[in-house]
Amino acid sequence: MDARLADYVRGQWPSLVRYGTLLCGDAVEAEELVQSALVRVALRWPFVRDKDDPSGYVKRAIVHANISNWRRIRSREVSSEALPEQPIADRSDEVADHDRLRRALATLPPRQRAVLVLRYLDDLSEEQTADVLGCSVGTVKSQSHKALAKLRVLYAEDGVMQ
Amino acid sequence: MSDLEQMLRDALHETPTSAPRSADPVPAIQRRVRRLRLAAGVSLGAAAAVVAAVVVPMSVGTSGNARVQILNTTPTPTPTPSPTPSPSANVTGGPQPQLVWMGADWVASAPSGMPWMLYDDGSGPDGGTRIARLTPALPQDGVKVLLPAGRVVAGKTVVWVVGSNDSSTISSRVSALTTRGALIATTTSRDALLTATAVVGDDLYVLRNGNSASAEIDRMRVVGGTIQTATVAVPGAENVAATAHGDVWAQTSTKLVRIASTNTGISTSTSVEWTGDIIGTDTSSGGQDGFWTWDGSRVVQLTPSLLTTGASVAQGDRLLVPGHAAIAVTAPGGGLYLSIVEGDAPGIYYYPADQLGAGQPQPGAIWHDATAATICVDPRGGVDVTSADGIISRWDPAP
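Line order of the protein sequences matches chains A and B. Counting from 1 along the first sequence, just add 17 to a position and that's the residue number in our numbering. Counting from 1 along the second sequence, just add 304 to a position and that's the residue number in our numbering.
One chain only, chain A, in its complex shape (with noise of 0.2 Å):
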């Protein structure tokens, strides 16, 4: 592996796990779903042209790992209507529902949450989350508009949205 590669993945390793658990919603899971990818990334590393700042093209080698990954082992997901878990009584009301939050999008398809994740968290536009995902605009849009519309309705059902 090129050494400016590993020198990245080890010191962005938690981030990247953290970035996986978002999109798979399992931590365990996200190792490996990460893993996966930087080993496709490794296998491409001559063609990435940013290699002093691969951030974006590791980013989106995980949003398409995790997709594959999830059509791959759709037959074996299931969707829970009810959010499995309370959430702990000691954390303040504002961690509980971030918490909360981030497991009812763990619910959603891996393709909204990954639209979800693209544009909330790296801040994308949706014609960068288009680029990314390798789609249409038009598709990103209502991909966006079903997931939170989706998150909202699981929110106030588990009792937090007004």
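Calculated directly from the structure, the hints in this document are not laboratory data. Among the hints, erroneous ones may be present.
Stated by the list, open to error - Facing chain A, a subset of chain B residues (Cβ under 8 Å, in silico): (1) Leu308; (2) Met311; (3) Asp314; (4) Ala315; (5) Arg325; (6) Gln659; (7) Ala662.
Since the model is a prediction, treat every value here as computed from it, not as a measurement. The beta-carbon is built from N, C-alpha and C at its ideal position, and this holds for glycine as well.
Position chain B relative to chain A; hints supplied.
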């Protein structure tokens, strides 16, 4: 921005970072990358070695065939033309390698003429993945190929481009082109990863979903301008390779399985126990039915069809090497090139022909610390070595 959007933004940005189970993922990633590159290297070695193997000569479409399409052949700049005559390399016992090209994906020998390479033309105006002959004159024109495309395999009159993509959708593609770059036919499949290839004559053998219980081997053949596919299941197959005589074998973790081919299909036939990896086709004059294999400690010249007679009969030359042998390529003069990827002294080793029969073969030249993704014979002499970073160097240590 709505309250929900703002709250979502805050929630995402405030996601706590928990310590991953693995503190340093780099070694694991390197192992996986190496495994993938090894598979690619073996398949390319097999492709390179079947130059003389002709089982079923095929005729392919010509410009008069309505199915033939000429792909975009607009001349484009090379990805990274060679800026210097020679890279710095630590070589003992031989000349320095000569830098040929930078930015290649895969390189494969051709039955005639210069090797083929597949590369991403990331800097060209039209971009895309292309194939081209590795001619001495650079820059050169490339032929844009359909994606996904990960490796090129050259038959006698058909050039195959094989690729899998599991980043957004699990899809694979195999395209057949003439040696002039005209697309003859292409076929795609879903939910299948293509992980190894071999070519006999113009027939392409592809391992689908290798290392799994659902592994299958496809024989792809151009017939009347279309690709006809015959399939046989070989559960657990890890590799497929062809001998110089054109016998095709699948390798599992415990055995080698011969793939029998007829005009109507393919099937499994002889199965012999063998736990080593096929790391290259033996094209030496005495090894036309065999492979170079790695048994975990030695490189063994093996004729699988003789294993039923006895291991001592089936095994030819054996070499103790200082690490894990990953790729073996027979030199035209009978010597052997080995890529050693692990151990105390990784690199590319050249063993002259007169050393192979010796009790303790000694390398004639060593290119220290070289990591090869592919090695193929260069018609001008020596071999073309593609590094993990896509750098092609020509190395000719043979006297």
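Hints violated by the structure (numbers, ascending):
6 and 7
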